[in-house]
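From just these sequences and the hints, can you work out the full model?
There are 2 protein chains.
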Amino acid sequence: MKRYLLTPGPTPVPEDIALLMAKPMIHHRTSEFKNIFAETVQLAKSIFQTRNDVVIFASSGSGAMEAAVSNVLNENEKAITINAGKFGERWTKLVRAFGANPIELSYEYGDYAKPEDIKKVLDNNGDVKAVYIQASETSTATYHPIDEIGLMLKEYYPDVLFVVDGITAYGAIDVKTDDWGIDIAITGSQKALMLPPGLSLLAISDKAKDKIKNTKNRYYYFDILGEIDAGAGKFTPAVSLVIGLNGAFKRLLDEGLENVFRRHALLSKATQEACKALGLELLSRRPANSLTAAYAPQNIDSSKIIGIMRDYGVEISNGQGHLKGKIFRIAHLGYFDKADILMGISTLEIALRKLGVNAAFGEGIKRAMEIFADE
Amino acid sequence: MKRYLLTPGPTPVPEDIALLMAKPMIHHRTSEFKNIFAETVQLAKSIFQTRNDVVIFASSGSGAMEAAVSNVLNENEKAITINAGKFGERWTKLVRAFGANPIELSYEYGDYAKPEDIKKVLDNNGDVKAVYIQASETSTATYHPIDEIGLMLKEYYPDVLFVVDGITAYGAIDVKTDDWGIDIAITGSQKALMLPPGLSLLAISDKAKDKIKNTKNRYYYFDILGEIDAGAGKFTPAVSLVIGLNGAFKRLLDEGLENVFRRHALLSKATQEACKALGLELLSRRPANSLTAAYAPQNIDSSKIIGIMRDYGVEISNGQGHLKGKIFRIAHLGYFDKADILMGISTLEIALRKLGVNAAFGEGIKRAMEIFADE
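From first to last, the protein sequence lines are chains A and B.
Just add 1104 to wherever you are in the first sequence, counting from 1, and you've got our numbering.
Just add 1104 to wherever you are in the second sequence, counting from 1, and you've got our numbering.
It is worth saying that the hints were derived from the structure and are not from the lab.
There may be inaccurate statements among the hints.
Since the list gives no way to pick one copy over another, a pair counts as held whenever it fits inside one copy or between any two copies.
[As the list claims (entries may be wrong)] Keeping only pairs whose Cα atoms sit at most 30 Å apart, straight-line, the calculated DSBU-like set for lysine-lysine is:
{"id": "1", "residue 1": "LYS1408", "residue 2": "LYS1338"}
{"id": "2", "residue 1": "LYS1182", "residue 2": "LYS1233"}
{"id": "3", "residue 1": "LYS1442", "residue 2": "LYS1218"}
{"id": "4", "residue 1": "LYS1138", "residue 2": "LYS1190"}
{"id": "5", "residue 1": "LYS1138", "residue 2": "LYS1428"}
Below you can see the structure in the form of structure tokens.
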């Protein structure tokens, strides 16, 4: 059966990038690879919209998240963690795992962080070292107001580090690392960067580097300053993935970042509007452009919708944690275009019809087609 | 220019495996991928020659090394580290990085660990928790007597954990994990497993798992017990590399492990004998079958030899640390066969001649051809 991947990571890999990575292996200590690595780091700065140093780890995205905690926080130091979904929860777990004290600001799944809530916690706690948040919380398809939070911190708490997991944001949503004062920005290969999983990236400000120099926690593999010093990898880098990343960055920059963001915004709008036209409620109060989460109709298990779509070769994602069976998530980040969304929405409609939900049959795909036609 | 990779990692990737990894991405939470992952873990047990649990991390080999320290040792606990090269030194650094106390047994580069030396340290220290060693020390091309050390520990110190970095051994040399009492066995994707870098693997005994349960160190990403519980990856696994690993394991098992070990032994013998026929001195007193390290002739910088071979498209490795410029290393682990060695030796001879070392011109390649012809 022909397969179509509409999941929020791994996402589809462009055929030319897949073949680029299939080329004969080269050694990681050759000047050839060192040049590719150095160029890839420079390209990463464009994607991150930063002048800060960039580090590339051979790991899942969680590896860079760990580095942003283990390298940065001392035992018993306080950090605010924003928990509005499964990946926010991971920040809390990480901060605790490394002996620091998370002050968790939690929001209902689908809700987003408010700058004033964060400011209040900071007003009441003079010794918070960092704020840990997602840009786009993948489990709820929510985009936190990173810009407002960043600017609030800049104005009132310039010494507090701002750490943003942008794993489903960078390369899809216009996140301005330097303008918004993001001290540690994180992303991973298998999302908007259109690669297989296996690389995590991190951009780090001088302020954050200074904090690391005064921190004594235990780590070895995820060593941010060590990686910066080492140049092309303190340990053997994931050569083929780095070569793929180089190609993927060039692809994004050839399209032009503004166009990339516009494409994601359009696909997001069509998906959201189509869901609404089908009478489906969106989970998020502040939807991200990288993926759309919607509730299944009442009394319908979302797993069934996903199962029927899979019969047509289309793979979307279920809810995570307590939302499993209640919502579904359609991704539109990375190597995605309009026809993917049309395919996703029409197979979604088929699934709903097969489950006896007939009321608005045809209205979802019509709305999506309208949006693309009138663009 | 056509390129030939004769380095000890990354090593060449077979074309069919490269293309297997270039196939369209699949999602890591589908039953399709979970089945591949589970099968790959089973295949890994055959390669490790173990019945123990196997864990696969998305990281360089050093990631699994870190897990074998951070998960296992408490603060201030003692562990013996064998330092006979750059990778042995890494064990010492790792043990220290996680707050434990390394008792370092160090050997001259090229020398190998003696079971009686380790036993003496254990006799004098009642509270050593683990012995950390390499099977094949890649920086010196030396194979430690893992069998003898393992059997000594089994007999005299059955409670001490035996941790073996087999990154350039498994899949090339006959290392019997269970028979020799290896509690934690480690390997990486980019060596004998013929894949790009980006995966580390670890096989762990029940004895080592019990120790972990009673250990309180800080870690999150490299969580051995968490990975075993999670099944197909606690975090997003490196999907394409795992699919490649599945194919690579099948390739090794199709050839038959005995044949794989015999092939590596033959290539090793030809390379060593050719070097000797050229009047070159081997670095190692107990050479590994995975790569050969030899001193450059007196007054010749090995970097020059390597540079000339590169002009012919052949990439070999320099020495590491204080051996840089003094030795060169020719790999024969993974996707290597006889013709690779003939090409390596003949370009080595050309390089020596160009550098004015003419004495034994033709003798090296003749010896290698003899060995292959008379096999």
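At most 30 Å between C-alpha atoms: does LYS1182 with LYS1233 qualify within a copy, between copies, both, or neither? within (6 Å within a copy, 34 Å between copies)
Intra/inter-copy verdict for LYS1138 and LYS1428 if alpha-carbon distance must be at most 30 Å: between (44 Å within a copy, 18 Å between copies)
State whether the alpha carbon distance between LYS1138 and LYS1190 is at most 30 Å within one copy, between copies, both, or neither. between (37 Å within a copy, 21 Å between copies)
Using 30 Å as the alpha-carbon threshold, which applies to LYS1408 and LYS1338: within, between, both, or neither? between (46 Å within a copy, 25 Å between copies)
Pop the pair LYS1442 and LYS1218 into one bin, within, between, both or neither, using alpha-carbon distances up to 30 Å. Neither, since 32 Å and 65 Å both go past 30 Å.
Comparing the model with each numbered hint stated earlier shows that hint 3 is the single one that does not hold.
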